[in-house]
Amino acid sequence: MNENWRISRRTMLRGVGAAMALPFLDVMEAVGSVAPPASSRPVRLAYLYIPNGTPDGSWAPKRATRRGTLMRLNRWMRPLEPFKRDIIVPTNMWTPRGNGHGAGTATWLTGGGYDSKRIDAGGVSADQIAARHVGRDTLLPSLELSVRGEGFFSNDLARNTISWAASDRPASREVDPRAVFDRMFRRPGEGAVDRSVLDIVLGHARGLRGRVSASDRRKVDEYLESVRAIERRLDFADSRSREAVRAGELTDSLIRPRPGIPTDHREYVRLMLDMMVLAFWSDATRVCTFMLDHGQSNRYFNFIPGVRGTWHALSHYRDISGKTEDDDGKTSWDSVESKRDMYSAVTMWHTEQVAYLLGRLRQIDDGDGTLLDNSMIVYGSSLADGHEHDSRDLPLLVGGRAGGAFKPGRVVRFSRPTSMSRLHLTLLQRAGADVREFGGATEPLNELGG
Amino acid sequence: MLGRYCFRCHGAERQRGDLDIESALEARPLVKRLDLWKNVLARLRNEEMPPRKARQPAAAERAGLVSWLDREINEFDYDSVDDPGFEPVRRLTRVEYANTMRDLLGVDLDLVARFPADLSGTSGFENSANTLFMQPDLLERVITAAEDAIEAALPASRTTPEDEARFRRIFVALPGGDTSPVDAARAILDRFLLRAYRRPPTGAEVDEVLGQFRSALEAGASFEDAVKRALRVPLVSPHFLLRVEAACDTDASWQIDDWELASRLSYFLWASMPDDELLELARRGELGKPDVLASQVDRMIADRRSSTLGTVFAAQWLGFDKLGVRVRLDPIENPWCTDTLMDAMKAESAMFFVALIRDDEPITRLVDGRFTFLNEELARFYRIRGVTGEAMRRVALTTPLRGGVFGQASILATTSYRDRTSPVLRGRWILADFLGTPPPPPPPDAGEIPEEIEENDRLTMREKLELHRRKPQCRSCHDQIDPLGFSLEHYGRFGRWRERRDGRRIDARARLPDGTEFEGLEGLRRVILAKRRDDLVRQLTRKMLSYALGRQLEYYDEAAVRRAVAALERDGLRFRDLIREIVTSYPFRFKKNRATQESAGATR
Numbered sequence: 001m002n003e004n005w006r007i008s009r010r011t012m013l014r015g016v017g018a019a020m021a022l023p024f025l026d027v028m029e030a031v032g033s034v035a036p037p038a039s040s041r042p043v044r045l046a047y048l049y050i051p052n053g054t055p056d057g058s059w060a061p062k063r064a065t066r067r068g069t070l071m072r073l074n075r076w077m078r079p080l081e082p083f084k085r086d087i088i089v090p091t092n093m094w095t096p097r098g099n100g101h102g103a104g105t106a107t108w109l110t111g112g113g114y115d116s117k118r119i120d121a122g123g124v125s126a127d128q129i130a131a132r133h134v135g136r137d138t139l140l141p142s143l144e145l146s147v148r149g150e151g152f153f154s155n156d157l158a159r160n161t162i163s164w165a166a167s168d169r170p171a172s173r174e175v176d177p178r179a180v181f182d183r184m185f186r187r188p189g190e191g192a193v194d195r196s197v198l199d200i201v202l203g204h205a206r207g208l209r210g211r212v213s214a215s216d217r218r219k220v221d222e223y224l225e226s227v228r229a230i231e232r233r234l235d236f237a238d239s240r241s242r243e244a245v246r247a248g249e250l251t252d253s254l255i256r257p258r259p260g261i262p263t264d265h266r267e268y269v270r271l272m273l274d275m276m277v278l279a280f281w282s283d284a285t286r287v288c289t290f291m292l293d294h295g296q297s298n299r300y301f302n303f304i305p306g307v308r309g310t311w312h313a314l315s316h317y318r319d320i321s322g323k324t325e326d327d328d329g330k331t332s333w334d335s336v337e338s339k340r341d342m343y344s345a346v347t348m349w350h351t352e353q354v355a356y357l358l359g360r361l362r363q364i365d366d367g368d369g370t371l372l373d374n375s376m377i378v379y380g381s382s383l384a385d386g387h388e389h390d391s392r393d394l395p396l397l398v399g400g401r402a403g404g405a406f407k408p409g410r411v412v413r414f415s416r417p418t419s420m421s422r423l424h425l426t427l428l429q430r431a432g433a434d435v436r437e438f439g440g441a442t443e444p445l446n447e448l449g450g
Numbered sequence: 001m002l003g004r005y006c007f008r009c010h011g012a013e014r015q016r017g018d019l020d021i022e023s024a025l026e027a028r029p030l031v032k033r034l035d036l037w038k039n040v041l042a043r044l045r046n047e048e049m050p051p052r053k054a055r056q057p058a059a060a061e062r063a064g065l066v067s068w069l070d071r072e073i074n075e076f077d078y079d080s081v082d083d084p085g086f087e088p089v090r091r092l093t094r095v096e097y098a099n100t101m102r103d104l105l106g107v108d109l110d111l112v113a114r115f116p117a118d119l120s121g122t123s124g125f126e127n128s129a130n131t132l133f134m135q136p137d138l139l140e141r142v143i144t145a146a147e148d149a150i151e152a153a154l155p156a157s158r159t160t161p162e163d164e165a166r167f168r169r170i171f172v173a174l175p176g177g178d179t180s181p182v183d184a185a186r187a188i189l190d191r192f193l194l195r196a197y198r199r200p201p202t203g204a205e206v207d208e209v210l211g212q213f214r215s216a217l218e219a220g221a222s223f224e225d226a227v228k229r230a231l232r233v234p235l236v237s238p239h240f241l242l243r244v245e246a247a248c249d250t251d252a253s254w255q256i257d258d259w260e261l262a263s264r265l266s267y268f269l270w271a272s273m274p275d276d277e278l279l280e281l282a283r284r285g286e287l288g289k290p291d292v293l294a295s296q297v298d299r300m301i302a303d304r305r306s307s308t309l310g311t312v313f314a315a316q317w318l319g320f321d322k323l324g325v326r327v328r329l330d331p332i333e334n335p336w337c338t339d340t341l342m343d344a345m346k347a348e349s350a351m352f353f354v355a356l357i358r359d360d361e362p363i364t365r366l367v368d369g370r371f372t373f374l375n376e377e378l379a380r381f382y383r384i385r386g387v388t389g390e391a392m393r394r395v396a397l398t399t400p401l402r403g404g405v406f407g408q409a410s411i412l413a414t415t416s417y418r419d420r421t422s423p424v425l426r427g428r429w430i431l432a433d434f435l436g437t438p439p440p441p442p443p444p445d446a447g448e449i450p451e452e453i454e455e456n457d458r459l460t461m462r463e464k465l466e467l468h469r470r471k472p473q474c475r476s477c478h479d480q481i482d483p484l485g486f487s488l489e490h491y492g493r494f495g496r497w498r499e500r501r502d503g504r505r506i507d508a509r510a511r512l513p514d515g516t517e518f519e520g521l522e523g524l525r526r527v528i529l530a531k532r533r534d535d536l537v538r539q540l541t542r543k544m545l546s547y548a549l550g551r552q553l554e555y556y557d558e559a560a561v562r563r564a565v566a567a568l569e570r571d572g573l574r575f576r577d578l579i580r581e582i583v584t585s586y587p588f589r590f591k592k593n594r595a596t597q598e599s600a601g602a603t604r
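Residue numbers (the numbering used here), protein chains in the order written: chain A, 1 to 450; chain B, 1 to 604.
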């Protein structure tokens, strides 16, 4: 990592942060103009998940050439129009071993099957494997974000977990924007952490490990890993404070989000996306997942003009009676078409958020290109058509150029159902992870390279 | 024979409907996979399987197979299994952590507000070891919380008598006279570690923490501050955050020691640490004696800390913990739907449950109890007169419209949809959650994924109803589910009484598949107690044992369940007996190592 580059960006930020008491967004505007570093830039990997699928046909680009060049997107993909040279839309992808709201969510990134009784997603998720390989050089090996759930299933494990540190252990997830910020820019535990205390309790855990049964050892290992993760952040914080001697108070001048969850869902999602941009920009991590909602979200999107009813109810758009068991009883629809349009509008709102993320990343210089060029941003769902509960031809896009390895601006059509595991394998290799196999797949999708 | 007709679709090669009979057949006894075999047996018996287009067994073959399976799973001799199971190492839940900090330090702070939520899996209880993970962000918050709690419990200047009392409780020795600062600190830490680790600390453990005290003292800290610095170690230690029981290198089962018993008791009955009396009895090795144990159970139930049996156990069993958190209405559109009202609804159900235990009532009072707990706001909601003020108090019920859990707002609300009631949800709640007899999964040709059905508790109703509408074979189950819910139609989405729904008079009459007719809440109570009493007793026993053990029950726990149920039957189904049976049960007092390949997951 180029030290000078770091300092120049931070110093720059400090100036901006001090001058403006503005939402974080405006700081990001300024970030884009910071001089890029000389060294080659690492590739960042992000997975953004949405539940409930998309209506059949709404994820098909309107016009593409025979060779796949994207010419025009359809009306529901319109937010991506300015990014059509930055994205790849793969078709005919699926997760052969698990699908639906629960199992499909839990295994979206593992390529395995889900065992709900034992709580096992059939494998470590792709992002966590990436974190193991490329996370050593960054403050945080990875970042797992999620919006706070609403409605039934908000604390159901399967529907709330796409990142698995082990096949039977979810990675921790963060729903509070301020906590995400603090993990990146503040000392662990607000200065309450004392290394000598950590040393002692680490010793306790090691001693315990030798005394408990084999099956219990894993629980103790979780504890050990947690202590080490905190120590690692302390190391980073300490090296930063040495920098701070030269560059002044750095991180405190960044605008820290207010505590708590914003009540406006739009503001909330944007803030979380800003945290992701900030993480990639500051190189706090190179791997990030974000669940835009839990796997069977019944959230209201009444802030979208013309949309009534809850998301999961909308996804079953062929039934317009308003009397199915998860309709709310006060909403009914005139026609299947209008209900499907509302369902699509909810998806489109999320697509708009992804477009926002792509836009932010594209504004920031990063080496020879933009931060987006050096990224792989995956966005998709574990269901295709929500009413049919289709598991084939999942809605999916891959944004960014993977540092030049991908050739975006295309729809990549696969003639037969192709496992997401092959996509994950490709992304892992492009992220710099030395893996030959993922979820049973051994052949990467060379098609993404054009 | 299973091989001939079933393995082609449900074998090791291919698992239609995610069902692998071939591997399941290897797991003996078959009751290990009881649900799977019950399903297979029902399909065979009803001639739903093998599917019509496949090769069919002769009638005699089918009958032979059915009777063999029936014997294997329904007449299995559970007493022949000698296995108390294994309580794995588990981290304290959020609630347990908060309560333990409160009892250890004497201050009740909202320490866990910013802790990540504990997610729940299939056991339904947040204390289930396999869903309690230890993660960096949680540990970090624990570290911060330790610092905050020490400061709050032991402020530099003690201004109130409470401050002084807390100080005395932790600072059990002070330097002066013959006592050196190190000696005093050693006495303090020795005592504190005993309480924090729920067992006597080793000399080395005390010395290590004493090192923290010494270096703080050498760096110029006062005696008090140096002790406070040292206290941070135990509050972050795995000995504190994890509940660890001693390992034993043997194939046989062994009895847990009294320290471990003290923790099992306190986390079961209080969701918190053992108090001084329990620790003292453990030290003397007396806690396990039957008369001592019995009187401790009585003492613990009488203690206010046992309220967690209502706020945690009953709330998670019956599902009313979701109220206000995930089940709520927009308070602006619905000004009556306040946080305080929903808190009162939850408190009503929790306090009712705990009162039944404290008064040693029969378990059947859950259904037909004639009292409840109300405050003014909730009483007004129920249109019951004469209750004033915010405090919840016990109220004898004169109205027939309330009484028992079925008439409680918290239950009626959590079994409704956001804006309307659902007889299906309420019926299913009664069958599945309250009685432990969930309707069977949809027939195999329903075309749904069993995983989804298995893990869903609520929203699959949508799919089930859709099927219901389309397919006549769904009727048989809905004929069981729906009438139970219909009888509660007089209760609105939050349990408010109503005469009409959508302008039409409500018809709360219902008819069970066997022809029994009943009406309204009173009818439902009568039907449940007459026909389903045994299911209720069994379900409560299973749920409470599962909660007490912090794990899902397995087939080998069945003997303990049956023994407890039999004991309850002998003496009027008393709540107190249930708890006594659980704390003296084989799985509660003993443990046994898992065979290694089993813990690696032979169930797949």
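Hints in this document: simulated from the structure, not taken from any laboratory.
Possibly wrong hints are sitting among the right ones.
[Claimed, not checked] Here chain A is said to cover these stretches of chain B; the calculated rule only asks that three of the stretch's residues, wherever they fall, bring their Cβ under 8 Å from a Cβ of chain A:
id : segment
1  : 83-93
2  : 127-133
3  : 152-164
[What the hints assert, rightly or not] DMTMM-like cross-link-like pairs, simulated, lysine to aspartate or glutamate; straight-line CA separation at most 25 Å:
id : chain 1 : residue 1 : chain 2 : residue 2
4  : A       : Lys117    : B       : Asp514
5  : A       : Lys117    : B       : Asp275
6  : B       : Lys592    : A       : Asp168
7  : B       : Lys32     : A       : Asp168
8  : A       : Lys117    : B       : Glu87
9  : B       : Lys38     : B       : Glu489
10 : B       : Lys531    : B       : Asp577
11 : A       : Lys117    : B       : Glu489
12 : B       : Lys592    : A       : Asp368
13 : A       : Lys117    : B       : Asp433
14 : A       : Lys117    : B       : Asp535
15 : B       : Lys289    : B       : Asp303
16 : A       : Lys117    : A       : Asp137
17 : A       : Lys407    : B       : Glu554
18 : B       : Lys322    : A       : Glu174
19 : B       : Lys289    : B       : Asp275
20 : B       : Lys322    : A       : Glu81
21 : A       : Lys117    : B       : Asp18
22 : A       : Lys117    : B       : Asp118
23 : B       : Lys531    : B       : Asp502
24 : A       : Lys117    : B       : Asp577
25 : B       : Lys592    : B       : Asp251
26 : B       : Lys322    : A       : Asp221
27 : B       : Lys322    : A       : Glu447
28 : A       : Lys117    : B       : Asp303
29 : A       : Lys117    : B       : Glu72
30 : B       : Lys38     : B       : Asp577
31 : B       : Lys32     : B       : Glu72
32 : B       : Lys32     : B       : Glu22
33 : A       : Lys84     : A       : Glu437
34 : A       : Lys117    : B       : Glu554
35 : A       : Lys84     : B       : Glu13
36 : B       : Lys531    : B       : Glu75
Here a beta-carbon is modelled for each residue, glycine too, at the ideal position from N, C-alpha and C.
| Non-conforming hints, listed in increasing numerical order | 3, 4, 5, 9, 11, 12, 16, 17, 20, 23, 24, 26, 27, 28, 30, 33, 35
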